[in-house]
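Colleague: Which chain is which? The protein sequence lines are A and B, in order. Every letter in the first sequence is one number past the one before it in the working numbering, and letter 146, counting from 1, is 146. For any residue, its number in the working numbering is found by taking its place in the second sequence, counting from 1, and adding 261.
It should be emphasised that the hints constitute simulated quantities derived from the structure, not laboratory data. Built from N, CA and C at the ideal position, the CB exists for glycine as well. Keep in mind that a hint or two might mislead.
Unchecked claim - Label pairs and their computed distance ranges (CB to CB):
| no. | chain 1 | residue 1 | chain 2 | residue 2 | range |
| --- | --- | --- | --- | --- | --- |
| 1 | A | Thr28 | B | Asp290 | 38 to 46 Å |
| 2 | A | Pro130 | B | Glu496 | 40 to 48 Å |
| 3 | B | Gly434 | A | Arg32 | 39 to 47 Å |
| 4 | B | Val334 | A | Glu83 | 30 to 38 Å |
| 5 | A | Glu126 | B | Val334 | 40 to 48 Å |
| 6 | A | Thr28 | B | Thr405 | 43 to 51 Å |
| 7 | A | Asn59 | B | Ser497 | 49 to 57 Å |
| 8 | B | Met429 | A | Tyr210 | 24 to 32 Å |
Claimed, not checked - Which bits of chain A does chain B cover? Going by a derived footprint, with three or more residues having C-beta under 8 Å, they are:
| no. | region |
| --- | --- |
| 9 | 37-47 |
| 10 | 222-236 |
Protein chains: 2
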Amino acid sequence: MTHGEQGSQVPLESARSQFRQLADLIRTDIERGTYPPGSRLPSEPDLGDRYGVSRQTVNNAVQILRSEGLVRVDRGVGTIVRELPVITTMRTTRQQERDAGQARGAFQAEMERLGLNAESDVRIDEVPAPEDVAGHLGISLGETVLARERRMTANDIPVQLATSYLPMDIAAGTQLAEPDTGPGGTYSRLADLGYAPVSFIESVRVRLPYDDEFRLLAMDGEQRVITIRRLAQTESGRTVEVNDMVLPAHQWELRYQWHAK
Amino acid sequence: MTHGEQGSQVPLESARSQFRQLADLIRTDIERGTYPPGSRLPSEPDLGDRYGVSRQTVNNAVQILRSEGLVRVDRGVGTIVRELPVITTMRTTRQQERDAGQARGAFQAEMERLGLNAESDVRIDEVPAPEDVAGHLGISLGETVLARERRMTANDIPVQLATSYLPMDIAAGTQLAEPDTGPGGTYSRLADLGYAPVSFIESVRVRLPYDDEFRLLAMDGEQRVITIRRLAQTESGRTVEVNDMVLPAHQWELRYQWHAK
DNA sequence: TAGTGGTCTAGACCACTGC
DNA sequence: CAGTGGTCTAGACCACTAA
Numbered sequence: 001m002t003h004g005e006q007g008s009q010v011p012l013e014s015a016r017s018q019f020r021q022l023a024d025l026i027r028t029d030i031e032r033g034t035y036p037p038g039s040r041l042p043s044e045p046d047l048g049d050r051y052g053v054s055r056q057t058v059n060n061a062v063q064i065l066r067s068e069g070l071v072r073v074d075r076g077v078g079t080i081v082r083e084l085p086v087i088t089t090m091r092t093t094r095q096q097e098r099d100a101g102q103a104r105g106a107f108q109a110e111m112e113r114l115g116l117n118a119e120s121d122v123r124i125d126e127v128p129a130p131e132d133v134a135g136h137l138g139i140s141l142g143e144t145v146l147a148r149e150r151r152m153t154a155n156d157i158p159v160q161l162a163t164s165y166l167p168m169d170i171a172a173g174t175q176l177a178e179p180d181t182g183p184g185g186t187y188s189r190l191a192d193l194g195y196a197p198v199s200f201i202e203s204v205r206v207r208l209p210y211d212d213e214f215r216l217l218a219m220d221g222e223q224r225v226i227t228i229r230r231l232a233q234t235e236s237g238r239t240v241e242v243n244d245m246v247l248p249a250h251q252w253e254l255r256y257q258w259h260a261k
Numbered sequence: 262m263t264h265g266e267q268g269s270q271v272p273l274e275s276a277r278s279q280f281r282q283l284a285d286l287i288r289t290d291i292e293r294g295t296y297p298p299g300s301r302l303p304s305e306p307d308l309g310d311r312y313g314v315s316r317q318t319v320n321n322a323v324q325i326l327r328s329e330g331l332v333r334v335d336r337g338v339g340t341i342v343r344e345l346p347v348i349t350t351m352r353t354t355r356q357q358e359r360d361a362g363q364a365r366g367a368f369q370a371e372m373e374r375l376g377l378n379a380e381s382d383v384r385i386d387e388v389p390a391p392e393d394v395a396g397h398l399g400i401s402l403g404e405t406v407l408a409r410e411r412r413m414t415a416n417d418i419p420v421q422l423a424t425s426y427l428p429m430d431i432a433a434g435t436q437l438a439e440p441d442t443g444p445g446g447t448y449s450r451l452a453d454l455g456y457a458p459v460s461f462i463e464s465v466r467v468r469l470p471y472d473d474e475f476r477l478l479a480m481d482g483e484q485r486v487i488t489i490r491r492l493a494q495t496e497s498g499r500t501v502e503v504n505d506m507v508l509p510a511h512q513w514e515l516r517y518q519w520h521a522k
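Required output: the full structure, derived from the provided sequences and hints.
Modeller: As structure tokens, this is what we get:
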């Protein structure tokens, strides 16, 4: 009664917490187009008045929508409805071959399919191998490896970090140490050098982002990242690449296809 | 000054929010064994006094640990340190064959490897095909399909829900409609019937659990689920199974292996 | 400077648990 | 019944943005 006279126009059941129900209401409004992509939600005090709840309760509701990637908060500006579609990445025996024949990578191809403008930075470094990477590459602990760090964006929104580790005895002085690995990418160059990867293992996990990932991926609130560690092995069983990928979980779908036998 | 005299023994920087730093402190204590698995954290008021912060701030910190699966809250009891290890599930061309030869499924095998006691319920139903399932199975909208719903536990902790949809023209009256599908499981029976699956596609996503999933998986706080939809196809290209899996994200690692060519 | 969301506090009421 | 966490509120201060 103290404030907001239009309070509780929408009946809230008592079974579920108010902030969850409020999140549902706002989500529905977004899906119906009441708040179209790119527009701003009413401010938290406004929403509080409108629904007859405290600002803290509104804030809790908005946290849910943020964690789903439905909205994004611009500090000092407001809460904006997002519009980036879900990106699908595909891993297949056959696709793998197709990708190898392409001038551009799988990421570029998917972005084009979605009509998004894909860009990526590359930073190349020689670094001491992280302990677990050293283990996979069969390298002693202090030894240096080639690290190719990439950050990929779609329509200027960061969508993936990837760090590829390659043994120096293979990569040093080759095109693998150049920003542009040329047609077919890393795996084609490895093949040229006599280390064609034929077997791949990917380990997928979900977790909270680290601070640097949070910043580099422009993440928001309680969003999660998907982490993928890919190992690429040659016919002889040597692991010639460790690739650590980090993806905002809400904007990706991973697709794996394989064949029995 | 009003309360808790030991307040702020641990210096908190001002850059990051108090509740995130507090979460880090408690997490460290858990990892160091100060709060061993199975034990209870001090109550939220206690922690508030100890660190000189409000109960709400403690609550926010605990939310983070819950979402990571590090602790679990028993209503009316307290916050308990968890101990379920991360479960790895493996998908490989070769593994697939190996599994087919086993009396027990892949899930059982992994549980045994981890020394966990695996159990699972099965419920079998004939239901109208959900719209997207009908599309995949090439069935008209109202038509019924066989639904095999499973709920799997490890040491009595629920770790996976799975619903397998099979076309009635294949499954009706066969062992596929029985609780126990026999040696080799569903895929072996499909093979016996002349519908051996040879190609598999899995689509992986991460999201907040629905209410029923939240309950059935005994989830806690802001935890996420991994959803996997698997399509199994025969040589002729017919999709003979749609399998929807739901897994608490914090306790699983998905592993995919494949071979080029 | 006014408005935005981030965060914190003190206090409150609730449902649930175990004694 | 006392203790637990879930949730809500009113009020506050902050950093940041845009006008």
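Colleague: All hints are to be evaluated individually against the structure, with a verdict given for each.
Modeller: Evaluated hints:
{"no.": "1", "hint": "A/Thr28 with B/Asp290: 38 to 46 Å", "verdict": "42 Å, holds"}
{"no.": "2", "hint": "A/Pro130 with B/Glu496: 40 to 48 Å", "verdict": "44 Å, holds"}
{"no.": "3", "hint": "B/Gly434 with A/Arg32: 39 to 47 Å", "verdict": "46 Å, holds"}
{"no.": "4", "hint": "B/Val334 with A/Glu83: 30 to 38 Å", "verdict": "36 Å, holds"}
{"no.": "5", "hint": "A/Glu126 with B/Val334: 40 to 48 Å", "verdict": "47 Å, holds"}
{"no.": "6", "hint": "A/Thr28 with B/Thr405: 43 to 51 Å", "verdict": "31 Å, violated"}
{"no.": "7", "hint": "A/Asn59 with B/Ser497: 49 to 57 Å", "verdict": "55 Å, holds"}
{"no.": "8", "hint": "B/Met429 with A/Tyr210: 24 to 32 Å", "verdict": "49 Å, violated"}
{"no.": "9", "hint": "37-47", "verdict": "violated (count 0)"}
{"no.": "10", "hint": "222-236", "verdict": "holds (count 3)"}
Of the numbered hints listed earlier, those contradicted by the structure are 6, 8 and 9.
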